[in-house]
Amino acid sequence: MRCGRAQRWMTAAVDAELGGWRAQALERHLADCAECRQEQDRSERLDALLAGLPLDTPVSTQLEQDTLRRVRIAAADEAERPARFRLPTWITAPVLAAAAVLAVAVGVTRMSPTTTAGPAPEAPGVVPPVASVPAPAPRLAKAPPPRTADRAAAADVAPPEPVETPRVDPPPSDPSRRPDLPSEPPPELASAPDLFMDLNLLRNMEKLQHYDAIETTTLHEQDGEPPNG
Amino acid sequence: MTRLPGSEAPRPADGAVPGSAAASDPDVALMLQVQQGDQSAFPELFRRFGPRILQYVRRLVKSDARAEEITQDVFVQIFRFRERYRPESKLSTWVFTIATNLALNELRRPERVLKVDIWDTRGQDERREGPSLPDPNAISPEEGAASRELARALETAIAELPPKQRAALLLSRVDGMAYRDVAEALGSTEGAIKALLFRATHSLKDRLRDFL
Chain A
1 MRCGRAQRWM TAAVDAELGG WRAQALERHL ADCAECRQEQ DRSERLDALL AGLPLDTPVS
61 TQLEQDTLRR VRIAAADEAE RPARFRLPTW ITAPVLAAAA VLAVAVGVTR MSPTTTAGPA
121 PEAPGVVPPV ASVPAPAPRL AKAPPPRTAD RAAAADVAPP EPVETPRVDP PPSDPSRRPD
181 LPSEPPPELA SAPDLFMDLN LLRNMEKLQH YDAIETTTLH EQDGEPPNG
Chain B
1 MTRLPGSEAP RPADGAVPGS AAASDPDVAL MLQVQQGDQS AFPELFRRFG PRILQYVRRL
61 VKSDARAEEI TQDVFVQIFR FRERYRPESK LSTWVFTIAT NLALNELRRP ERVLKVDIWD
121 TRGQDERREG PSLPDPNAIS PEEGAASREL ARALETAIAE LPPKQRAALL LSRVDGMAYR
181 DVAEALGSTE GAIKALLFRA THSLKDRLRD FL
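Note that the protein sequences, when read in sequence, are chains A and B.
In this text, residue positions in the first sequence follow my numbering: the first is 1, and each later residue adds one.
In this text, residue positions in the second sequence follow my numbering: the first is 1, and each later residue adds one.
These aren't lab readings, by the way, just hints derived from the structure by calculation.
Don't be surprised by glycine CBs; every beta carbon is placed ideally from N, CA and C.
Incorrect hints may appear among the rest.
Unchecked claim - Here are some of the chain B residues that sit facing chain A, going by a computed Cβ distance under 7 Å: (1) L54; (2) Q72; (3) F75; (4) R80; (5) Y85; (6) I98; (7) L107; (8) R173; (9) A192; (10) K194; (11) T201; (12) K205; (13) L212.
To be verified - Stretches of chain B that chain A covers, calculated by requiring three or more beta carbons in the stretch to come under 8 Å of a beta carbon on chain A: (14) 36-48; (15) 149-161.
What the hints assert, rightly or not - Sample of chain B residues lacking proximity to chain A, with all beta carbon distances greater than 10 Å (derived): (16) S24; (17) D25; (18) P26; (19) Q33; (20) S89; (21) T97; (22) N101; (23) L104; (24) K164; (25) S172; (26) D175; (27) A178.
Just chain B, same shape as in the assembly (with noise of 0.2 Å):
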């Protein structure tokens, strides 16, 4: 096994129980390998997860770039802050914590802001920011019954919700995450979890009337 430079001695964190959890998910064996300071698990962990995170962030931020930069910093993140993983709790909900955290971070950034003014003002030629619509190619009729037009009404009217309604949506709508899970990562209850999604639908139904 060959070792990151940064990783301490092998052993479990701590209250960990190795075995058990990891036995059952691949997500948190793979993640205790990281712990342990193998070196070939990151990779393999940002291959599992990456394009997940990616796509998350991208619908949150609007922007391909920055969400490109803010994936780099969640791996980062979970790199650095390894060992305050616990097994306990799944991988996922941890790692789109972090998720979640960064690109509501880079959302409130008033400079951001600002650059959002500045490209309503340009062309739609010139635009680099602002909302991205999906890959017309990444939707294929067996994977969703909707059409081209429909997915991309879909993903502006998700677009023009506000932040933590956008999150909590792709969580647990698109990534299938349960409400408890949602909760976590957004830092909230499942109470108010329940109250964003209510609003979110009520809003994308209305946004989508003519095709629902």
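Next comes chain A alone, as it looks inside the complex (with noise of 0.2 Å):
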């Protein structure tokens, strides 16, 4: 056995990870070579000192006060999310990405030139407005003719009568219309809103200031500076 190998095995042999014909190859030639015995050594006495290193640090009150308080809130928040609103335990990461990639997918392949070869499918679901006018005839063999000379020729049989579609409302802007939120903000908000700020989203926040602040003086100074020429 080579030195670098045995010294490669020293370190699984000290995490008591080499077991079999290495470790007893590792034995073997540790007791031929002494450069190799004293880097085993060393490896013992770093092993020992990694060990006596303190495993844990005392955690201050206020530390388990604020953890303990951010998990009552996102326990909370558990409750008051509406239960239509949770996944599954079993939709993980993987499964979504991997019902992105298919809806993407199919998307695509709706989209290819070679699916738009013959007539465009229709939508399902659209009904054209002229419904009360007799079916023509079937005729094989022949393409039907285009939905807007359909549709003069249903206009010289009979004209459409004008059809009341109900209206529908464009949902609100306002938040504060939408029926699923509340009307007024749960006591722990309303104490504390500092509690309820996404951490994530003030560092994102931090970031896009700092990005800004970049831009913002660039072009400042470059409106600065003379044009060329």
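Join the two chains into one complex using the hints; note that each chain is given alone, in its own frame.
So this is what it looks like as structure tokens:
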């Protein structure tokens, strides 16, 4: 055995992760190689030092209280969230990613030129407004006329009755009008709104402001420079 | 049994057999209580793992303030994803996986690099970030044969390791996790962990040559 391999195996041996014939081979090598024996002694001393390092550190009461308060807030948030918005536990990130890839693949397939060679498929649920016109006799081995011509012919037969469709109001832009949101914040939020701020959001805001400041500074300096020529 | 407001009706996790796993591992039993909504279980979980997680993250991110933030995040994540824990694996491995991911994410953030550069230009007294030296009182003669100077040199040498080597070394040598568990916590393979540990110990032996 070479010394390089022996020294790689020493690491595992110190961690008691080397077994079988490898451990025996290392033993044999160490018996013959003084340099590796010295290295093994150093490895064992280092291991003893590392094992002597403090495993834990005292946690302040403040940290414990802050952590448990955040957990209580998370629990309250879960309780307030409607059950229909909760994903089942089997829907993990890989499952969501696979679903997204599948959705994109289906979309690309539908939009690819091979599928548009024939007549474009109608969107499901789209009903032409001339449904009262009797259907023309089926004509075999002849392509149906274009839809616009079809509509013009239908207009000659009988003008379509104006169909009164129910008016659908757009979703309210004012979030306070949304029925799924409470009209008033929960008491925890009202008493301490800063607890509900998302730390990651704040970090990203800091980042954005930082980049914005850089960009603004650069533009400002560029404005102050004389034009070339 | 008091229940957390976000908890569902008491039920074991899918596929879990609380009786067998919980009986042998009190940590698993505790986590099952959390899963079932026992309000008193989570503070106990924090008391059991908080000091270890804080120390581990502190050594990884080398900043006390950020370590405290990350420790909070770890326990919030534990609560939010409590249903995903399966008693088949050790709770400590799962907890340390969360802590490692959050700490390594923190180290990858660009603004952190910027802050380290800023701190490097300041005087030592003003420094709030950077390598965090151990509390000399934390190492008693009974717990470690090393002197305070050696312990300080060791902590500094660990702090200078690359993050993944540092994480592997801390989990394996300080927290005593098996290679398999370290690999799970770092999302890696046992072979990769062996290589990381070899490089880490090699670096430490070089840096501590005068002490070993």
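A quick look at each hint next to the structure:
no. : hint    : verdict
1   : L54     : 5 Å, holds
2   : Q72     : 5 Å, holds
3   : F75     : 5 Å, holds
4   : R80     : 6 Å, holds
5   : Y85     : 10 Å, violated
6   : I98     : 13 Å, violated
7   : L107    : 14 Å, violated
8   : R173    : 4 Å, holds
9   : A192    : 13 Å, violated
10  : K194    : 6 Å, holds
11  : T201    : 5 Å, holds
12  : K205    : 6 Å, holds
13  : L212    : 5 Å, holds
14  : 36-48   : holds (count 4)
15  : 149-161 : holds (count 4)
16  : S24     : 22 Å, holds
17  : D25     : 18 Å, holds
18  : P26     : 17 Å, holds
19  : Q33     : 14 Å, holds
20  : S89     : 16 Å, holds
21  : T97     : 14 Å, holds
22  : N101    : 12 Å, holds
23  : L104    : 16 Å, holds
24  : K164    : 16 Å, holds
25  : S172    : 6 Å, violated
26  : D175    : 7 Å, violated
27  : A178    : 7 Å, violated
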